[in-house]
Each structure stands twice: as structure tokens, then as C-alpha cells.
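**Student:** Taken in sequence, the protein lines are chains G and E. According to our numbering, the first sequence holds residues 1 to 208 in order. According to our numbering, the second sequence holds residues 1 to 336 in order.
None of these hints come from the bench; they were simulated from the model. Since the structure is predicted, the reported quantities are computational estimates derived from the model, not experimental observations. Do not rely on the hints blindly, as some may be mistaken.
[What the hints assert, rightly or not] Result set (DSSO-like, lysine-lysine): computed pairs, CA atoms no more than 27 Å apart in a straight line: (1) G/Lys103 / E/Lys294; (2) E/Lys247 / G/Lys174; (3) E/Lys36 / G/Lys179; (4) G/Lys50 / E/Lys13; (5) G/Lys75 / G/Lys50; (6) G/Lys135 / E/Lys38; (7) E/Lys36 / G/Lys181; (8) G/Lys103 / E/Lys320; (9) G/Lys116 / G/Lys90; (10) E/Lys36 / G/Lys150; (11) E/Lys294 / E/Lys320; (12) G/Lys152 / E/Lys115; (13) G/Lys135 / E/Lys42; (14) G/Lys174 / E/Lys42; (15) E/Lys36 / G/Lys103; (16) E/Lys60 / G/Lys116; (17) G/Lys116 / E/Lys13; (18) E/Lys294 / G/Lys152; (19) G/Lys150 / E/Lys60; (20) G/Lys76 / G/Lys40; (21) E/Lys42 / E/Lys60; (22) G/Lys152 / E/Lys240; (23) G/Lys103 / G/Lys152; (24) E/Lys13 / G/Lys75; (25) G/Lys90 / E/Lys13; (26) G/Lys180 / E/Lys36; (27) G/Lys152 / E/Lys320; (28) G/Lys76 / G/Lys103; (29) G/Lys135 / G/Lys47; (30) E/Lys294 / G/Lys174; (31) G/Lys150 / E/Lys38; (32) G/Lys76 / E/Lys13; (33) E/Lys42 / G/Lys150; (34) G/Lys152 / E/Lys13; (35) G/Lys76 / G/Lys47.
[Stated by the list, open to error] Output of the computed footprint for chain G on chain E, the stretches with three or more beta carbons under 8 Å from beta carbons of chain G: (36) 6-18; (37) 24-37.
Positions of the beta carbon are idealized from the N, C-alpha and C atoms, including for glycine.
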Amino acid sequence: MSAEQAPVEVPAVDAPVAEAAPAEPTVYYTLESCDGDEVKISSEAVKQSKTLNDLVSNLHGGAEMNESIPMDNIKKPALVKVVEFCEHHKGEPIPVDDDTVPKNVTIPEWDEEFLKIDNDELFHLILAANYLDIKQLMNYACKKVALMAKGKSPEELRVIFEIPTDEEDEAAEKAAAEKKKAKEAEKAAAAGEAGPSAAGAEDVAAAN
Amino acid sequence: MSSDFPLLRLPEKALNLVIQCMDYIEIVGFSLASNKTKETVKSLNLQVSPLFLTTEEIIKVHVQRPSRMFWNFYPGGENAGNGPIPVYMPARVTARRGLTREILEYLNPGYSIQKWIDTVQYIFSHPGINCLVFKRDRCKFDMNSLMETIGTAKVNAFFFDDRCGVDCAKMAVRQFPGISRMYARSQNMVETSLYTDILMQNLDVLFLGEGDVIMRMEFDNLLLINSKEIKIRSRDITDKMINQFLKHWIRGSNPRMEFTLLLFPDGRILDANAILRGLNFREAPLDQVRLFTKPATQERVEIMGGYDIRRVNGSVGTLKIVQDDGRGAVIFCVWN
């Protein structure tokens, strides 16, 4: 190797230093519950919700938004819980759908504590998670409900899950059908009363 | 904390996810709660197989896949006496998942055994009962009543197990004529000459003997067998009997036979010359591997080498003599 071809050693101090990438500033979005309260959520946490993530990336390209995002059918308590969940799980991968039954879901300790809530709250939390498409929360919350069925007889399940008996179902359907029938009859009667007078008005108009 | 949860008011996706998070035992219990819950479970297209119904002192149902489940139906006082008695209305039901010790008990569920079976079949779109198992010397339950309990379900196979007696087996075969498979592994059925009428049935599969249940088999009974797939565990079948059996097959006996496996316990040494004496055969090289698919079960078997024998109607059967670790076996398969 000739002298010209010899590699030139550059002293390490002169080597260009890669600058540390600036930390991406955390962007926050404001969610507005259906009862008018506002809750903030970080852009990282938003990724746990497919619905929210699609909304902010499609409409606003991920930039900060001035106006709040209305959550038409989520009340504040459920919205606060949902945001708490997403913030705690931010950065975690979204679970992949698996077709196994029973689903292979184990509720971690933090989530176990998080889900120690009243059944009414749990119900509304599932509604919110379903609406916002938060897979992990759906898995844990639905598993929690499924565990209520463990070791229970059909009768006990009826009580726990407020399942009406077939007779009660039939009676409710019958009552609904009768109500509908009565409404239609009322409507028909109202139309019948309006009918002749309207026809009379037409006759008068024709005579004139 | 409120004690109840309005499950059916959840959106469909969430409701389905809750059910999919349940064990199969709970899914069955849930589907029995009402017609609405039954239809909800059915819409998920979950499947189980195979489904066994066992008649012993009590009636039991068990499913093997995707997870093993066992249901025992216990009677009230009406199960007394030696039988045959009508199938009872269960006073309590126990359920067990897999091999766990944890047993769930349902008190007075209010459903007949028929309703349980119907529900399991309906929600899992399972067309029949894969196996009806008899374990007692005499069936405790009246066969007509048992038939009513099974309802419209098609029974595919019989297991005559444990101490099941010949009379019980005969009665079952008479009562359920559409059976396609039969597995006899009862100590009380080792004497095959006592049930030649069963041997003559047009079955897809006939297994006689298993483990320490070793059948007594006379040559004439061997010729009576009219099944497609046959497996016999016996000490009585001599080399000469196998030779005679093959000669009869060449001339047209056992016309439905497609696959036969004869198992010989206790280190029996098979004499290929005695088995093949007087037969016109072609020996296939040992390194020639042929795949045979059992028509009845679609199970595939590798046949290495063997002796090809031609029947008068032109069809070919391959005889394979297996001798290893002191255990002898003869395989005979008929190529289509």
C-alpha cells in the first residue's frame, strides 16, 4: 500500500459529534365529556385508543389542537378512568387479536387494582373503552366480568348478570308490542279526526 | 359495590369478548340461563369435540377439545334399584374442567339431562354424540328412556368399557342401529363367540380388546367380521388362522375389510412362512414406503415393504408382519 493510499487517521476529538435528538415535546389534547367537563390526555397515551388516535392523526396531523374533542356519550367519571388507564399504559404495544377461547388474558396487578370499582362504573368503563376502541382495557375489563361467572350455576348467572328469564323476556316483548299497537291506534285515531276536517277544507276551497 | 352487572346491555362486541374470556364450563352455564344467552353463545361459532355420554351408576357427559370438561348428573331418590330404570331428572349437577380438582356444583338446576345435551349440541353446532359409553354389566337405564334423552342427536360410536356385559352391548346395538364404530374393551366381552351378531354388523370401525383386555377369537368369528377397519388384540389367532383368513379373503370373504391390525401380546413370535404358506404373493422391497389412508378414519399409515396379495376380483392387499421388542403384529390393508 503506497503512502498516498494509506488511510488518514483523524483524531477522535475532531470527529463530528452526533447531537442528541431533542426530546419530542409532549402534546396534550383536551377531551370533553358529555356532561361538559374537560380532561387532558397526552399524545403518547392517545395511541392506546384507536378511535382517538385515528381522529387526531387524520384531522390534525398530530399537532396540538386548540378546541376540545367532544366525547358525546362518555361521562366524566368514565372518561377520567379511561385517560388514567391510557396514561399508565402509554408506550405499550396494542394487543393483537387472538381467536383462542378462553382468551389468554391475565390481569396485571396495577390493572387489578384499577378495576376494583363498582359494577356500574365497570359497565360504563367498558362502554367507554368499546367506543374509544382501547383493546387492552377491553381485554382486562371484560375478563374481570367473565371472572364473575366462575363457578356459578345458570340461576346464579341470571341474578349476577341481570338476565331475564324467557317468560320475562316474552312478557317484556308482549308489553312493547302492545305499547306500539296502542301508539299506532292513537296515531290512526288522530289522523281520523284530522281527516274529515281536512277534506271539508278542501271542499270549501273547491267551492270558492 | 353493587352485586349485579347488566351484561346483556353491553354492545355486541363487548358482550362477545366477555363470553370469549369465560371457560367453556361457564359458557355452557351461561347459555342455559335463557334463550337469549343461548343464541348469543351460538352466534360466536365456538366448537367442541368429541362429545361422550357415559352410562354408569349415573349419567356423565364429557368433552375433550378444546378444553376437557366433565359433567356428572346426580339423581334424587329415584335412582334406587338395579334397573333398568328411566333416565332421571338430575337433582344436582357437578362440572369439572380438565384434570383440576376444582368441582363446580349446581344445585337443582331444573333442566333435564336432555336439555343439557341439546344445549351443548346447539351452541357448539355439534351434530351428534361421538361416543356412547357403557360401563356396567347391565345398563342401569332403560334403553328407550336413554334414546329419548339423547333425542335427535346421532350417536356415532359405542365404547363397551370396564365391566360392560354382552347383553347390555347387544341391547345397545339393537336400540341404536345407525352406529358406525364400536370399541369393545370390557373384561366381560372377551368371549367374542357370545356376540357374533355384533361382529356381523356393517361397521366402519371395530376394535376388540385393549391394554389387558385380550379377546378370545375363533376362526369362524374372524370370518364373520364385516367391518371396514378392524383391530383385534388376541392370543388365540394362530399363524395358520391368519393364513386361512387370507385365503378366504382372496376368494371373497370379509368383502368390506379395508384395514386390519392384529395385535399379539406376550412376546408372540410370528412365523412369516406359516402365514404365507400356499399364497401367491409379491414381496415389496423393504425400502419401498407406501402411504395407506384408512378410508374409515382418514388416518395415514406408512407401509414399508410387505407382501402384496391379489384377490379374485383384482383388488390388492398388502400384508405386513411386524416383530419388535417381543411384540408381534400383523397389518393387512386393501388398496382401492
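**Student:** Of the hints given before, which are not true for this structure?
**Tutor:** Per hint list: 1, 2, 8, 16, 18, 22, 27, 28, 30 violated.
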